[in-house]
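Asker: Here is how the chains run, residue by residue.
Protein chains: 2
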Amino acid sequence: MVTIYDIAEHAGYSIATVSKALNNKKVSEKAKQKILDAVEELHYTPNSSARTLATNKSWMIGVVFGENLGIGIAHPFFSQVIEGFKKHAELYNYDLLFVSRHMGLGQETYKHLLHRGVDGIVIVQSHGEDEIGKLNHAIPTVYIDRPTNEPGTVYSDNLTGSKLAVNHLVENGHTKIAHIMGEQTTFAGIERAKGFKKAMREQGLPVREEYLVDGGFYSHAGGREAMIRLLSLNDRPTAVYVAGDVMAIAAMKVTKEWGLRVPEDISFVGFDDIKLAKHVDPALTTIRQDKGLIGQQAAIILLDKINTQGSTQNVDKKMVPVSLIKRDSVHRLA
Amino acid sequence: MVTIYDIAEHAGYSIATVSKALNNKKVSEKAKQKILDAVEELHYTPNSSARTLATNKSWMIGVVFGENLGIGIAHPFFSQVIEGFKKHAELYNYDLLFVSRHMGLGQETYKHLLHRGVDGIVIVQSHGEDEIGKLNHAIPTVYIDRPTNEPGTVYSDNLTGSKLAVNHLVENGHTKIAHIMGEQTTFAGIERAKGFKKAMREQGLPVREEYLVDGGFYSHAGGREAMIRLLSLNDRPTAVYVAGDVMAIAAMKVTKEWGLRVPEDISFVGFDDIKLAKHVDPALTTIRQDKGLIGQQAAIILLDKINTQGSTQNVDKKMVPVSLIKRDSVHRLA
DNA sequence: TCTCCAATCGAAAGCGCTTTACATGTGTAA
DNA sequence: TTACACATGTAAAGCGCTTTCGATTGGAGA
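Line by line, the protein sequences are chains A and B. No gaps in the numbering here: position 325 of the first sequence is 325 in full-length UniProt numbering, and each next residue is one more. No gaps in the numbering here: position 137 of the second sequence is 137 in full-length UniProt numbering, and each next residue is one more.
You may find that some hints are simply not true.
Pairs involving identical chains hold if they fit within one copy or between any two copies, as the list cannot separate such chains.
Claimed, not checked - Mimicking BS3-like on lysine-lysine, the simulated pairs with C-alpha atoms at most 30 Å apart in a straight line are: (1) LYS275 <-> LYS87; (2) LYS57 <-> LYS176; (3) LYS111 <-> LYS26; (4) LYS111 <-> LYS20; (5) LYS317 <-> LYS275; (6) LYS111 <-> LYS32; (7) LYS30 <-> LYS111; (8) LYS20 <-> LYS57; (9) LYS275 <-> LYS57; (10) LYS326 <-> LYS275; (11) LYS111 <-> LYS34; (12) LYS256 <-> LYS275; (13) LYS87 <-> LYS57; (14) LYS57 <-> LYS317; (15) LYS198 <-> LYS275; (16) LYS197 <-> LYS318; (17) LYS25 <-> LYS111; (18) LYS256 <-> LYS278; (19) LYS197 <-> LYS326; (20) LYS111 <-> LYS57; (21) LYS26 <-> LYS278; (22) LYS326 <-> LYS256.
Keep in mind that the hints were calculated from the coordinates and are not lab data.
Kindly produce the complete structure, drawing on both the sequences and the hints.
Answerer: So this is what it looks like as structure tokens:
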């Protein structure tokens, strides 16, 4: 391995000067040039561990994924958020460290992150206990789509999303509107349901108990089951607002299996705007979450925290706007 | 920060002994116990940079994602593969480092990985130049779904996959079978097309030029366009084998838009078995790739390389089996 | 009691870098 | 010519850990 000593010798300067030259500290042009030449010639690559040890700065951000459904990185929503996060963070030369997590979101994970010396932590898990937050530790942290005591959370404007969905349905003549809720232990699920009820009330529409069904963790199976319950009702809704696209797609499918037409008999509005939403039949009208922007905002907040380290009053929460994407799954009632 | 010195002092031993105790080297039971107690009491966490510096082992594996379509981590196929990889790697206490890649898959990326001192590299990119492979460097590397000169690649058995698809179609009475190919600069795209032709020949069926259309990078748009070309033919195929599920779903959609019935008028077989394959209408018959297993195999190969460092003859290539998943998109011809 | 050996522990060097505090050299003003 | 300020470079310490090799100790055997 070629070290700073080799460069120093080759260039005829001390290692201190080499270090300065490489870190853009004050050295003469001549020295800098000679050193850079040597670096080039010897194919020198600085050792990040040594640098981290000396500076106490790792240029790594720890990523903690929840275990929801055990899919981790492959989660359709979170992976896009992280992609947005990464795009921003790498502009500032941070790498992302995905740590082992057979330990869960607990003390062990935090200890491991501490061990790794990450400069910041981004937590991507929508439910479960917030053990790390409780530790009130020293590492700057940002949360995505999850409530927390600590400042630094980014999430979609779920309330407005629900409102957009309900209003769109109402504008199309629907009054018998059901809601397939997301898991009621998740922040998003709770907020969307809350938004649904609020929007219905604002429209002067009743929120019927039997039109409120829990679809669980946003899965196909959950959406299917929830829809079956709705279909089994004597007085079926004419439209259903579903708290997640995956559930919505499953719901549409089972509706068709029951011999009903979508959207003529039952209309659907989803939430997320996953890639396939526009490719199913009928194309799904949905509330789009800007995953990339969520990730980017989280990165901005975290980098700010890292750079100011509590000196300034940090951003508390950041709500990212959502939008209604009209496609073909909503029918206009006569 | 509490260091090994604090532990040493607290426990009444030297730092050397502390280090040994923590690394399960030979120390007396008594010493070990006292040291462990001190660790507990002072909330000591070892510093990985220091350890890495001293041992030249980072316990990190670098992950290089391709930029195909700019989706990176959120790629529906690769993210699942990486998830499988991670599950295995973390059993052995490795963390995954996703490095910045505004640099692409070139020398710069490799330099950065070297800088980080990762113990191994997993390359997840299906096409483009293999700059890193060319460098014939020292860091153990494994490739996923991509040909390489270096030993250490994992990929699905694309040839057999194509054969399964074609045979299934033939068994259902189809003879006019088209193929929407994946991008012909990707390994998978090439192999699947090759397998298609081979299987057709084996069945004694002609491979008609106009039944072979390129869908590009496995995207919705590509699948749609390719299908339109097929639909525009005077003599349409009765079945099409599509090299990717996303393209297949787009193809089915446009077929229905053209007023044809799926699968009665045209049958479809996809490739991948993405999550939504079974939730579209009709549910897509497809060739399943075992993404988790691919990732796991890659991890096994890489860890083996890391641990043997060229001393043994390493595994060259590893082909992961695929399977036919029968659903509702194939119609039996009378 | 003395010798010898095995078990146990510790001093110190070293991993590759940054940074402080000081030494040297150069040019400028008096 | 002398004094001084500034620019430039360096020695050395330190970041937190591992590991080698020698020192110390205690017990077994004679």
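Asker: So which of the earlier hints does this model not fit?
Answerer: 2, 9 and 21
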